[in-house]
Every structure is written in structure tokens, then in C-alpha cells.
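Residue numbers (full-length UniProt numbering), protein chains in the order written: chain L, 1 to 361; chain V, 1 to 361.
Quick caveat, the hints were computed from the structure, so don't treat them as lab data. Just so you know, not all the hints are guaranteed correct.
A pair counts as met if it fits within one copy or between any two copies, since identical chains are not told apart.
Claimed, not checked - In the DSS-like style, the derived pairs of lysine-lysine whose C-alpha atoms are separated by at most 27 Å in a straight line are:
#1 K185 - K144
#2 K44 - K31
#3 K185 - K302
#4 K148 - K240
#5 K44 - K185
#6 K31 - K240
#7 K302 - K265
#8 K265 - K240
#9 K185 - K148
#10 K148 - K265
#11 K240 - K144
#12 K103 - K80
#13 K227 - K265
#14 K31 - K87
#15 K273 - K240
#16 K193 - K115
#17 K190 - K265
#18 K193 - K273
#19 K228 - K103
#20 K80 - K240
#21 K79 - K148
2 protein chains.
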Amino acid sequence: MKEFNVAILGATGAVGTRMIQQLEQSTIPVKSVKLLASSRSDGKVLQFRGQDITVEETTPDSFNGIDLVLSSAGGSTSKKFLPEAVKRGAVCVDNTSAFRMEKEVPLVIPEVNEKALYDHRGIIANPNCSTIQMVVCLEPIYKKYGLKQVIVSTYQAVSGAGQSALNELMEESQQVLNGEPTDPKILPTKGDKLHYQMAFNLLPQIDVFESDGYYTHEEWKMIHETKKIMLDDMDAKDIKVTATCVRVPIRIAHGESVYFEVADKTATADQIKAALDGADGVVLQDDTAHQFYPQSIEAEGKREIFVGRVRPDFENEGAFNMWVVSDNLLKGAAWNAVQIAERLVADDLVRVPENPYLGEN
Amino acid sequence: MKEFNVAILGATGAVGTRMIQQLEQSTIPVKSVKLLASSRSDGKVLQFRGQDITVEETTPDSFNGIDLVLSSAGGSTSKKFLPEAVKRGAVCVDNTSAFRMEKEVPLVIPEVNEKALYDHRGIIANPNCSTIQMVVCLEPIYKKYGLKQVIVSTYQAVSGAGQSALNELMEESQQVLNGEPTDPKILPTKGDKLHYQMAFNLLPQIDVFESDGYYTHEEWKMIHETKKIMLDDMDAKDIKVTATCVRVPIRIAHGESVYFEVADKTATADQIKAALDGADGVVLQDDTAHQFYPQSIEAEGKREIFVGRVRPDFENEGAFNMWVVSDNLLKGAAWNAVQIAERLVADDLVRVPENPYLGEN
Chain L
1 MKEFNVAILG ATGAVGTRMI QQLEQSTIPV KSVKLLASSR SDGKVLQFRG
51 QDITVEETTP DSFNGIDLVL SSAGGSTSKK FLPEAVKRGA VCVDNTSAFR
101 MEKEVPLVIP EVNEKALYDH RGIIANPNCS TIQMVVCLEP IYKKYGLKQV
151 IVSTYQAVSG AGQSALNELM EESQQVLNGE PTDPKILPTK GDKLHYQMAF
201 NLLPQIDVFE SDGYYTHEEW KMIHETKKIM LDDMDAKDIK VTATCVRVPI
251 RIAHGESVYF EVADKTATAD QIKAALDGAD GVVLQDDTAH QFYPQSIEAE
301 GKREIFVGRV RPDFENEGAF NMWVVSDNLL KGAAWNAVQI AERLVADDLV
351 RVPENPYLGE N
Chain V
1 MKEFNVAILG ATGAVGTRMI QQLEQSTIPV KSVKLLASSR SDGKVLQFRG
51 QDITVEETTP DSFNGIDLVL SSAGGSTSKK FLPEAVKRGA VCVDNTSAFR
101 MEKEVPLVIP EVNEKALYDH RGIIANPNCS TIQMVVCLEP IYKKYGLKQV
151 IVSTYQAVSG AGQSALNELM EESQQVLNGE PTDPKILPTK GDKLHYQMAF
201 NLLPQIDVFE SDGYYTHEEW KMIHETKKIM LDDMDAKDIK VTATCVRVPI
251 RIAHGESVYF EVADKTATAD QIKAALDGAD GVVLQDDTAH QFYPQSIEAE
301 GKREIFVGRV RPDFENEGAF NMWVVSDNLL KGAAWNAVQI AERLVADDLV
351 RVPENPYLGE N
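Construct all of the structure, not just a fragment, from the sequences and the given hints.
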């Protein structure tokens, strides 16, 4: 059996450490693991299946001999290094937004559009965390009943902004409990000008605002990534999508309130639940008589997407609401990336084709 | 000038203490204040405008000589005592859900349907907190552009479940920060069977579930109270409303992600903002270029409703999204009640009519 030399780029971050863990638990035959990060983490020692591995600073030649790269080191790092990795023959699964909307780059959720992997040209993009958990639930509904409109409001965990943001939430929470002032430096978005307290607060900004001033980039991603992914697998170009993205003071596992209208107006809530119940990667948690519904603290550390509170909108025929929760660092990031890598291995796609995509637009 | 004897029922709770504070700051000429609660709080001493007032246990005769009652002691207490107060000539503003949907009881937000006060028969109901902040923002939009559909997802503060729930959140938060287990006893809903950790978690249940198992009572309230209030003032019976209510780990000031479709398809986001900007009780905070939008910690302690992130849904003509934040204990409860009382005083309506409503259905 072929074994693979794997590199993890951004290995020391909130997603990177989980990529190591998900790779440890995966079906991929791993020959060697190289852990790459910025010069700040150079020399740090992490473990893979019990073995110490020293983190190295990333250079183009770090990818010599590598078959598979899992990247979560930020968009600019991916833009700089993934073309170098592809040139050296490595297939890259990128968790950043650097290449997601490029037409040469498949944007893949294995449960939804695995077949797009067959068209890869060296780089495969992992969708945004909040997009993944919604689309995996919409897919089985779309297949059975069609889909006309989606309106989503997100309740996003702070770990989506990285480990330092998570540390900031915990520090601020203690300061508030102590009656002390807070000193926010990161949230809502590291790259933006102003920073606000996250502890015991709600921030309706994730990522920077688009130039029109209306949508944040996170909202833009939910709308446009959803369309790209669903179009891959379906004739879904007429699905209307609107998103409002809000950061809430929880650590892990985004919540999403999803309103959707199906094409088949005879569909019932029980049928929608049945479609979700058997769906790949989805766990239905819907028993309101016993107060059973998805909760963030229960979803933490799990690979599945949990859905509940499925109910009809009594005022709009064919309209429903549901509540979707998933670990944003696992299915929303590290697990989806490793899952893509598993499928690449299973389908014998871990090779760069003759016309590689090297990041040019 | 006539002066009024005022009783506050449930004076020691999260809303009751704020009723005292809002009454202190109101324009109502107060002759005396009586603070009423259950036997548990009997003998406790609170202040009104610098004067000590001893809390008394509520009995029917507590209301002898009272002109005006502000009640926030729970639905069963209101059902038991407010008819007694009305019999004794007191006009009651009730913050519980006990009488809200009774046709003999006006359900009033002064900015929206003040004129319904003229039909009162002794009891006036204060709407649910999450309903109030949404409807005050929808009203000026409805008046100018019509309204066809509203889809709301709430981000509700823990203080909405009372002072003991707020204490539970703070205790649990410290336990999580200490790495200790939590021991939830109140949330999501004191009256329900199971209790879950609220700290660093999301709970898609507020109040108990309706018998059909689909909606929570909080969601039911948002749908049906909105219709009752808007019908009072407008020919709005065809507005479709859907709600998803979620409790989030913040202390005060609910957030709401509101999607709405107006009837006038030529309306622009700038026109919607202009309608909100001048509206009674509303403060527009919408300047995304400077990361300016409503935040819960900024709304705490303020009477106004803050709205921002007003933006068009580019895929649906005439559809918009907005983000609404308000102090659930003030405009959502204590201030709206005192504001109703102010209008009753100003309009000379602090008297029980000849056909009082005594709680019979």
C-alpha cells in the first residue's frame, strides 16, 4: 500500500493542532509528517502518534518530497507557499479563503461534492466553517425537495478567530467576573482597526466589511461559497441565500438558525427530518418533548453536524426552520480537510496533474 | 397636579428593581410607593428617591388606596392579584404574559399603539421583551414601505430568565474558567424538567415548548404578540412572522437578526435607514466603515433601541436585514411599563372604567 509524506502548514494554531489529531485518527497511510509554521514557532516540539516532531519554519523547499499538504496558516501564507508545494508535486488541501473562489480550485465538502475532487489541479479548498455545517444539512433536503431560498443567522464561536482570540475571550471573561476593565486587542477581527470586548457581548461583525459597506466578508463567503459548492453537484443556481454572521461568547461549535423554503410545497417537517436523519455526516437531535436539541458544548470535539428544532413555518407553505451546530475547528476546518485528504487517497487522486494550478488568476 | 400612589409587585426581582429605578426617573407625580413581593422578601428594605421602603408580602388588601400597579412577579401572581387590584380601583401595567393575548387587555408599546390605552379596562399588558425591540423598529418601516414578511433569530440575554438565572450564568462562567464542572439548576427555563449549562454555550430553548412540539412559547409570543400589537395600529393582518429564539451567554441586552420584506419594492437601504433614524425610541448605529453597530454591552442601562447593519438582500427585491439590540430589562420590560404609566398619566387614563376586566376569560 502506498504511504504518504504529509506536511501540515500552520501546525501550531487552533486548526493546525486539530489537523494533527484528525490525521492521527484518519485512514490515511502516513509515512512521515512534517510540521511547518512561521519562524515564531520554529523549534517547538509537537507529537504525532506518540512521536516528537520539531516544528520547522516554512520555506519553499520544505515541500520537497511531500505528497500531501494540509494548510491552515492564513490566506497570505497559503498564497505564498502552496504554489511552491504544487510545483514540487504535492497536492494541497487549503483551509484558508485564499483560493476558494478560483474556478481552477474545487471547493469541497465530501458529503456534498466529492466528485469535484477529480478536477483538481493541485490545490483543493476547504470551505468556510459556517458554510460547511449549513450546506451539509441543506444538501439532503435539496436532493429530495428542492430549495428556493435560505436565510441564515449564525452564532459563531470565538475559536473561529484563532487561538489568540480564544485566549482573549477567556481573559476578558475573568476580568468581567472580577469587575475589572477589559482591554480587547483582537476581536472582532485581528486585521481590522477597532477591537471590542467579546466576553458577555455580541459582535455582529466577522471578518472585515466588503467595500459596499453592507456585508461582512464572512457573510459574503456564506452566500457565494454555498452557491459554488451546491452548483458543483446540482442545478442549484437559483437558490437565494442571505446571511447575517454574529460572533457570540462561546469557545467552540457554531450555532446556525437556518430558514429555508423548499420547492416541493407538499413536504412536511417529518419528511425533512427523515431526510436529515439518514444523511451522511449529520446527526438529528430533535425531541423537544425531552428538551433534546443540539448544544455547542455537546458538539465540541465531534466530527458530526448536529441538527434539531426542525419545524414548519406555519405562515409560509414549504418553509421550515432548523438549528444546526457543529465543531467549527473539526468539520468546519480540520476534519473536513483531513476527510478530503482521505477521499483523495481512496480515489487515487494524490498526484498533481500536468496542468497544475499555481495560483495565477 | 394629581399625585399617584404606586405599587410595584415583584419589586425585588431583576425587572422589579429596574421598575423602581425607572419610576424614580419618570415624569409621573408620585405620592407614595409601595413595594410588594412574596413572603420570601417580606421585610427587605429598598430605596425610592433616597427613602427607605420596606418590602411587604402581597395580599389583596395591599392594593387598597393604590392608583397604579406595575407588576413583574410572574404570570400566576399577576393572575391572582391584578384582578384584586382592579377591583380596588387600581390600574395595572403587567409585565407578565398572563393577560397579553386577552382581547379585553391592550398590549402596548407606546411608540407603536399608544391609542390602545384608551380602551383599557383596568389591566394593560407589557409585551414580551424580544417582541418590543423588534416591533418598535418594524413600525416606522411598515408605515412608510409596508411589510410582507419577518423572519427573526434572537440572541437573548440570560437576565430575561430572571436574577437567579443571571447568578447561575456568572457562577458557571467562573467554574468553566476554573476547569470545574458546572451544576445547572435553572436554565434554559426554570419551569422545565432538564437544565443545561449556559456558560460558553447556546441553548435554542426559551420558555417551554408548545404542545405541537415545534415552537417554544417564546417563539409563539414573538409571532402572536407582534400581530396583536401591529394590528392595533395598522391594517397589518397579512404580515407573516417566523421566530427562532436562542439564549446566549450574555447578561443584558438581547440581539436580534431581523430579515424583512417590504411591500414597496422600490425601497432602498438608505430609505429604510432614514425611516429608522428619526423614529421614536430608536437610535441608528450604522457606520460599517468605522465598525459602528449596536453591541449588547453598550445598550445595557439605556432606554433606547439600537439598530444597525441595515442592508439589502441582493437576491430578493424589497428584502432587507437589520441587527437590533436593546436592554431587555428596560425597554424590554421596566421602562416600557413605566413609559405606559407615563402615557396613562399624561392622557388622564389612570382610572378603572365601569366595566373592568377582572381576569375572567
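These are the hints, each one checked on the structure:
1. K185 - K144: neither (46 Å within a copy, 41 Å between copies)
2. K44 - K31: Classified as within: same-chain Cα gap 21 Å, cross-chain 72 Å, threshold 27 Å.
3. K185 - K302: Result: close only across copies, 26 Å inter versus 30 Å intra.
4. K148 - K240: Classified as both: same-chain Cα gap 6 Å, cross-chain 18 Å, threshold 27 Å.
5. K44 - K185: within (25 Å within a copy, 43 Å between copies)
6. K31 - K240: neither (45 Å within a copy, 59 Å between copies)
7. K302 - K265: neither (34 Å within a copy, 44 Å between copies)
8. K265 - K240: Cα proximity of K265 and K240: in one copy and across copies (17 Å, 17 Å).
9. K185 - K148: Classified as neither: same-chain Cα gap 41 Å, cross-chain 42 Å, threshold 27 Å.
10. K148 - K265: both (11 Å within a copy, 20 Å between copies)
11. K240 - K144: Both ways: K240 and K144 sit 18 Å apart in one copy and 26 Å across, limit 27 Å.
12. K103 - K80: Classified as within: same-chain Cα gap 19 Å, cross-chain 67 Å, threshold 27 Å.
13. K227 - K265: both (22 Å within a copy, 25 Å between copies)
14. K31 - K87: within (21 Å within a copy, 85 Å between copies)
15. K273 - K240: both (22 Å within a copy, 24 Å between copies)
16. K193 - K115: Result: close neither inside a copy nor across copies, 41 Å intra and 46 Å inter.
17. K190 - K265: neither (44 Å within a copy, 38 Å between copies)
18. K193 - K273: Cα proximity of K193 and K273: across copies only (24 Å, versus 43 Å in one copy).
19. K228 - K103: Answer is within; shortest intra-copy Cα gap is 9 Å, inter-copy 50 Å.
20. K80 - K240: neither (34 Å within a copy, 50 Å between copies)
21. K79 - K148: neither (35 Å within a copy, 45 Å between copies)
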